[in-house]
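**Q** Put chain Z on the given structure of chain F with help from the hints.
The listed protein sequences correspond, in order, to chains F and Z. For the first sequence, the positions run 1 to 280 when the UniProt record's numbering is used. For the second sequence, the positions run 1 to 280 when the UniProt record's numbering is used.
Hints were generated in silico from the structure; no laboratory data involved. Source: prediction; values computed, not measured. Ideal Cβ positions, reconstructed from N, Cα and C, are used throughout, including at glycine. Misleading hints may appear alongside valid ones.
To give an idea of the chain Z side of the interface with chain F (calculated C-beta under 8 Å), a few residues [what the hints assert, rightly or not]:
#1 PRO146
#2 MET147
#3 LEU149
#4 ALA150
#5 GLU151
#6 VAL156
#7 THR157
#8 PRO186
#9 TRP207
#10 PRO210
#11 VAL214
#12 VAL225
There are 2 protein chains.
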Amino acid sequence: MTGPADAWRARLSINQATAETSGTEELLDACVAAGVPAVAPWRHKYVGGDVRRTRRALDGRGLRASSLCRGGFFTGTRSPAEARRDNRAAVEEAAELGAPVLVLVCGPVHDGRPVAAVDLIRAGIEDLLPFAADHDVVLAVEPFHPMFLAERSAIVTLDQAVDLVERIDHPHLGIAVDTYHVWWDPRLPQALERAAARTVSVHVADWLVPTPSVLTGRGLPGDGVADLAGIVGGLLRDGYEGSIEVEVLNEDVWATPVGALVGDIRTRMAGLLDGLEVVA
Amino acid sequence: MTGPADAWRARLSINQATAETSGTEELLDACVAAGVPAVAPWRHKYVGGDVRRTRRALDGRGLRASSLCRGGFFTGTRSPAEARRDNRAAVEEAAELGAPVLVLVCGPVHDGRPVAAVDLIRAGIEDLLPFAADHDVVLAVEPFHPMFLAERSAIVTLDQAVDLVERIDHPHLGIAVDTYHVWWDPRLPQALERAAARTVSVHVADWLVPTPSVLTGRGLPGDGVADLAGIVGGLLRDGYEGSIEVEVLNEDVWATPVGALVGDIRTRMAGLLDGLEVVA
Chain F
1 MTGPADAWRA
11 RLSINQATAE
21 TSGTEELLDA
31 CVAAGVPAVA
41 PWRHKYVGGD
51 VRRTRRALDG
61 RGLRASSLCR
71 GGFFTGTRSP
81 AEARRDNRAA
91 VEEAAELGAP
101 VLVLVCGPVH
111 DGRPVAAVDL
121 IRAGIEDLLP
131 FAADHDVVLA
141 VEPFHPMFLA
151 ERSAIVTLDQ
161 AVDLVERIDH
171 PHLGIAVDTY
181 HVWWDPRLPQ
191 ALERAAARTV
201 SVHVADWLVP
211 TPSVLTGRGL
221 PGDGVADLAG
231 IVGGLLRDGY
241 EGSIEVEVLN
251 EDVWATPVGA
261 LVGDIRTRMA
271 GLLDGLEVVA
Chain Z
1 MTGPADAWRA
11 RLSINQATAE
21 TSGTEELLDA
31 CVAAGVPAVA
41 PWRHKYVGGD
51 VRRTRRALDG
61 RGLRASSLCR
71 GGFFTGTRSP
81 AEARRDNRAA
91 VEEAAELGAP
101 VLVLVCGPVH
111 DGRPVAAVDL
121 IRAGIEDLLP
131 FAADHDVVLA
141 VEPFHPMFLA
151 ERSAIVTLDQ
161 AVDLVERIDH
171 PHLGIAVDTY
181 HVWWDPRLPQ
191 ALERAAARTV
201 SVHVADWLVP
211 TPSVLTGRGL
221 PGDGVADLAG
231 IVGGLLRDGY
241 EGSIEVEVLN
251 EDVWATPVGA
261 LVGDIRTRMA
271 GLLDGLEVVA
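Chain F on its own, in the form it takes in the complex:
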């Protein structure tokens, strides 16, 4: 069944990394003003450093948490005990916020061998899953752009994420598809088809030309060359039912007053998604 052409509006969310230098309550107010119904909080940005205050700040404004960023780092950048403790805390915080999804940045490769870290990631996820299920929080494996292999994630293609998630095959495990991280892949059409049924989170950022920075060089939707409507529209047509988060790490974006920024993002997303067929 398809819904009205603008059904995506009820699913729009601002990922807090888009407003890294703004206060959290300031971002929430901007979302209310712009008619954006959800945000994806980051754990270092809780109101007063407190997850319960953050939940109250959301509830008081009628906003939802679409996901929580982030858990993961299973590959040895911290001790297994520390990773386990911190990831369980993240799951509890997601549940406290009412966020249905905890995004996993799985952790980088250390030794130059891109395949070696995946076993650690699988073990870490399998260890965390029962706890996540108890809290009814879905873990989302986010494949990162290959340029982050040595700093953030050993999972650098959508196919790898699908392989991992299919192998574990658990109802509380899915995939986070970020347009910025996957748009370049020559296997993207086939990988998106494979991923659609397992996708539980969608992030949108554009690829700027030239790329100003490895980490904070991402573009607002429409400012770059990635086929955002193709990627997001394809997932929506294939039955993706979750939120659509705009996540743009960029110092120029951070310098924009957050009220104007959130309104601008909503307008840009309308330009991309209005008229796309959406499964209701």
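**A** Leaving out everything else, chain Z in the frame of chain F:
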């Protein structure tokens, strides 16, 4: 048949992009002093702007040109007529230099659809091949890191390069494998096996952590995390018989006096490759 453990030394080459800010004759003198037998010239760095003078500068020092950089850009960043004229000039210059290989940077994707540019690349290569064969110059498709998709090359995985080269299947067409561009790939082991018989040029640079810049953030061999010995050693064991070029685009490297730099590179490559089994 395997050769002596240091057989790679006769095949070492300095790609001129490693010494971008040094004079060409200065680089050639440094290679002679360090016992490096070859360089890979770039077209904008000919001695006096003249290819024949460059050939004489090589010959007078007993040096070889291992490849010429670069041809390509088939995807519409310049007119087809201009690309055709310039690529034929590059082939003639490679022949004039005695360089057995012309490296192709195939050209970027413009429209956000990573698969769309490959047809233009295939047509451009097919058009150039008879001319290259007449001059006995081998064209080398170089897959680039995915972060260069929108600025340099629509070919961003080694598998893509093998697919393209197998499809055209011409004795004057092969692959240039650059460790910096391919090391991240979760399919690398299988892709290298596929690529070995078609590989005609090998470039070595390391992946620095953190990555200081998208274009000029490459590392000298041993300064980063890529498995250089694994990649180069694998190609050598599988029968790769061409040169091993060190190509490091990095402003700190460029600021090093070129005599010391070339000696340092030779020492680093000995650390990586001494003792590897090499097909003689």
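**Q** Take the hints in turn and mark each one as holding or not.
**A** Results of checking the hints against the structure:
1. The interface hint given for Z:PRO146 is met, as the beta carbon of that residue sits about 4 Å from the closest beta carbon of chain F, less than 8 Å.
2. Given hint, Z:MET147 at the interface with chain F, holds; its Cβ is 5 Å from that chain's nearest Cβ, closer than 8 Å.
3. For the restraint placing Z:LEU149 at the interface with chain F, the shortest Cβ-Cβ distance is roughly 5 Å, inside the 8 Å limit, so the hint holds.
4. The interface hint given for Z:ALA150 is met, as the beta carbon of that residue sits about 5 Å from the closest beta carbon of chain F, less than 8 Å.
5. Taken as an interface hint, Z:GLU151 checks out: its beta carbon lies about 6 Å from the nearest beta carbon of chain F, inside 8 Å.
6. A distance limit of 8 Å between C-beta atoms decides the matter here; for Z:VAL156 the minimum to chain F is near 6 Å, and the interface restraint holds.
7. Checking Z:THR157 against chain F by beta carbon gives a least distance of about 6 Å; that is within 8 Å, so the hint holds.
8. The restraint placing Z:PRO186 at the interface with chain F holds, with a minimum CB-CB distance near 5 Å, inside the 8 Å limit.
9. Proximity of Z:TRP207 to chain F holds as hinted, the smallest CB-CB distance being about 6 Å (cut-off 8 Å).
10. Taking 8 Å as the C-beta cut-off, the interface hint given for Z:PRO210 holds, the closest approach to chain F being about 6 Å.
11. Interface hint at Z:VAL214: satisfied, since its Cβ lies 5 Å from the closest Cβ of chain F, which is below the 8 Å cut-off.
12. Annotation: Z:VAL225 was flagged as interfacial toward chain F, and the flag holds, the nearest CB pair being 5 Å apart, inside 8 Å.
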